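Number of protein chains: 2
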Amino acid sequence: MKVTVLTGGVGGAKLVLGLTAILPPETITAIVNTGDDFVHLGLPVSPDIDTLLYTLAGKSDLERGWGRGGETWSFMAALKELGGPAWFNLGDGDLALHVMRLAAFARGEPLSQVTAAFARAWGIGASILPMSDDPVATLVDTDAGRLTFQDYFVGRQCAPRLQAVTFDGAAAARPGPGVLASIAEAEIILIAPSNPWLSVDPLLAVPGLREALIEATAPVVAVSPLIAGQAVKGPTAKLMAELGLPLTNASIAAHYTGLIDGLLIDSGDGAEGVDVPVARTATLMRTLDDRARVARAALDFAGALAS
Amino acid sequence: MKVTVLTGGVGGAKLVLGLTAILPPETITAIVNTGDDFVHLGLPVSPDIDTLLYTLAGKSDLERGWGRGGETWSFMAALKELGGPAWFNLGDGDLALHVMRLAAFARGEPLSQVTAAFARAWGIGASILPMSDDPVATLVDTDAGRLTFQDYFVGRQCAPRLQAVTFDGAAAARPGPGVLASIAEAEIILIAPSNPWLSVDPLLAVPGLREALIEATAPVVAVSPLIAGQAVKGPTAKLMAELGLPLTNASIAAHYTGLIDGLLIDSGDGAEGVDVPVARTATLMRTLDDRARVARAALDFAGALAS
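Chains as they are written, first to last, in the numbering used here: chain A, 1 to 307; chain B, 1 to 307.
Please keep in mind that the hints were generated in silico from the structure rather than gathered at the bench.
It should be emphasised that the depicted structure is a prediction, and the values quoted were computed from it without experimental measurement.
Using N, Cα and C, we set each Cβ at its ideal position, and we do this for glycine too.
Here are the computed distance ranges between Cβ atoms for each label pair: (1) F88/A - E81/B: 19 to 29 Å; (2) D141/B - A144/A: 50 to 60 Å; (3) E81/A - D168/B: 27 to 37 Å.
Using the sequences and the hints, build the whole thing.
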């Protein structure tokens, strides 16, 4: 059974890791948001791609919630000594990814190729596909002006009030190699519990991707990022409030109208106003068992929708 | 008293450090070889400039003989995991220099400007001037073919037999900001005990630099890199043998014919065939006291030549 997951970073990576616990990894494809990608100090950084890589390679830092486990920070210390920018943390080991990517780009290799090489080097069986090899930049219009994603998310900790989100470059971006095929050939398609507006919308803004989802023969199940009207992590709830949206699963389902065949929500949550079939499980993913359970629930739900 | 030193990396940095122990640092200018500079994995690396920076900032690793003290190596470990090239070691803290330089180059800042910013950040009083802001690449013709300097020096540990040295780009390179003025205005000019063929010749290949030395009013004293017919460190002796040159101070003096007014040699060494005045001191620089003594001997000798 081939499963394709549309995903952002941390939350989505947990679901994909859960899938690898119950399916042969070769059957899993993650199509990953690259709207957060940016060039920092000349280095190309792909936060969501790297989170997937670290998570699936078993190298992620589980306590900190981002980056590499066992990381050291000599680079940042030296950077600060030299008066360099300290707002974005780059761990010493993490730098290897960005520097290798810099070298690959200089050789003319696209992001998809260097990502596949990293996954191979680390023995990752699942396919990690950038949504596009073309640059797409998520920009947020806020009461502090238009900000790049990392300035908003890391630099300002999502404090500015969000008004709109745009995906610069998306109109000209082509889906990455294998992206449309993995949607067309999937037997189940999942949308990870990533932020729908900041982490999933960039994928849907790549021309052809939304259409491919609509035309896909596979059932499409989204996992709601809300639990009891709050997001587990990140700015989803704050952002929904600022966009004037009720903090309900109905808002999530409405956001994905026409795209999803079902919404997997938390056991304790209501489904009022949700216009697609609903299934429930405890969607909080703390342990690997949690991740596998949510993944299993999503697959079972999708299977039931298909039959 | 203004002192200008033409220098390569480790050996030259010791002499410059010795000067800072006996003169106000603001009176010292080091004009540094950039022929070893190269782009590694997309990062601009300036080995000799960085050695001067680390040495004068008191951050160099004295035991290893290159790089930063207290360095960590997480980047290299991660790079090897990913199948990246392991032949050139980049320490985690050291990476800050190369990444900051990458970012500065992307902003259009020249090497001289970013070098000065690093020196300021670390409180270095002496001026560290790249010989040129234009790229010059030292290439060595060997029995293993034409090699880049780092491939020859680091990658192959100077094993190939050297036939000739060329400085690619030198003909079009302009002296860096302040370089010619620091030679014209100096009251004493020193040539550090760096490798004359690999580390000092690149400077002399930059159009205008040799002429400035010849026209300078200050006495020019070279410190011989030979002690008892051997080099303290590096491939100088091997290279001289391969070029068919006797391992004598006469060969060093002949190499600098028309440029130097005196040669400072080791206490135990002869001066047969040296066609300029000679002074002697123990030129081996193990301790800071050694460095200050050699610097003092070079200054005193130059002073005597001028009077």
